Amino acid sequence: GAVVSQHPSRVICKSGTSVKIECRSLDFQATTMFWYRQFPKKSLMLMATSNEGSKATYEQGVEKDKFLINHASLTLSTLTVTSAHPEDSSFYICSARDWTGTDTQYFGPGTRLTVL
Amino acid sequence: QKEVEQNSGPLSVPEGAIASLNCTYSDRGSQSFFWYRQYSGKSPELIMFIYSNGDKEDGRFTAQLNKASQYVSLLIRDSQPSDSATYLCAVNLRASGYSTLTFGKGTMLLVSP
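Chains V and G, in that order, give the protein sequences.
So for the first sequence, my numbering puts the first residue at 192; every next one is plus one.
So for the second sequence, my numbering puts the first residue at 635; every next one is plus one.
Just chain G, same shape as in the assembly (with noise of 0.2 Å):
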């Protein structure tokens, strides 16, 4: 079965502070990798992607992917309070000659003041 694992949290972390969202993945042939981000109440809107091993940076984040040990994550640099939300990491699979995400439960990240 294909999976993506997260812990469901909550993740607390002061306001300043660097927030690590991990997220693992069963399937070794996964290709593409996409963390979102969850407020409550609202649908997921995508933070960034990442398809190599390796870092990758835009603003506070950084996704960080290997594939060897099938982990992917986020790190969110200088956390604010407004980056309370649940995190949902993607992973798109390949089958029937079409692409789906699957996505893990999500993490839920508390930034206090």
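Isolated chain V, as found in the complex (with noise of 0.2 Å):
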């Protein structure tokens, strides 16, 4: 099957600081990947959509200066929290859309962020 990959895996930080995300598709292209946030018990909760080449959509109430998103290769999209702070402290996870007719999404394990 298809597999995404992220990293890191765990990241703690003290709050100010700016925190990079990679999610890589590493057996096939993704014109799109998404990413999410889940706080504990909580539902999925879809951040923004990433396209190759161009702007990210950013869901409703979603700070598009605060989680930056960079998609610049088919295989490689980055999101940055800028000035992290505790209330961003979550799980995000990225999704890659398999484009061979299934429309099917593939996660990567998932980062999580402690901000002190």
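It is worth saying that the hints were derived from the structure and are not from the lab.
Note that the structure is a prediction, hence the values are computed from the model and not measured.
There may be inaccurate statements among the hints.
Stated by the list, open to error - Below, a list of computed lysine to aspartate or glutamate pairs in the DMTMM-like style, where the Cα atoms sit at most 20 Å apart: (1) LYS690/G - GLU250/V; (2) LYS232/V - GLU679/G; (3) LYS739/G - GLU250/V.
Relying on the hints, combine the two individually framed chains into one complex.
What follows is the structure in structure tokens.
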């Protein structure tokens, strides 16, 4: 099956710093990747849709200047949490869509961010 | 509003039994339906997808789709304790020229030994 990796898997940072999370599709090309956030015991929440070579589309209520998304290639999208604060602590998960006709999304393993 | 509804559970079944997980969706234009499994603290993993009315089987898993009733279900035969997880139903909606997945809140399944 399709494999999506994320790096880092876990990060702890001080308030005010920026954190970059990478999402890679390892064995397929993904023109579209998605970024989700999940708080403990809560549902997955879509943050933004990332299309290769164009600006990301953010969901309502998600600050595009705080969560910077770059999708520079068909296999890599990055999410940068700028000036992170404790309330940004969450589980960030990316997914990549396989365009072989099924529109299936494959998820990365997630990045657990803790902001002190 | 486009919605995907699931009972939150937990659904408790004994080992070896059949677990039945249900999902309804509001958008009649929905074309693709997915079931994901999410273990606590982990990201979702794809179990299977279904597009056409009827049943689709993959090992111990069977997805059932009824577009007229806007209903999709997942049956797990011979349930094992390792099947204990949250099961997410996702529906692929078409908007603005691209697809997004709308997730239900998930049903927690507990399989007791």
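Which of the numbered hints above does this structure break? 1
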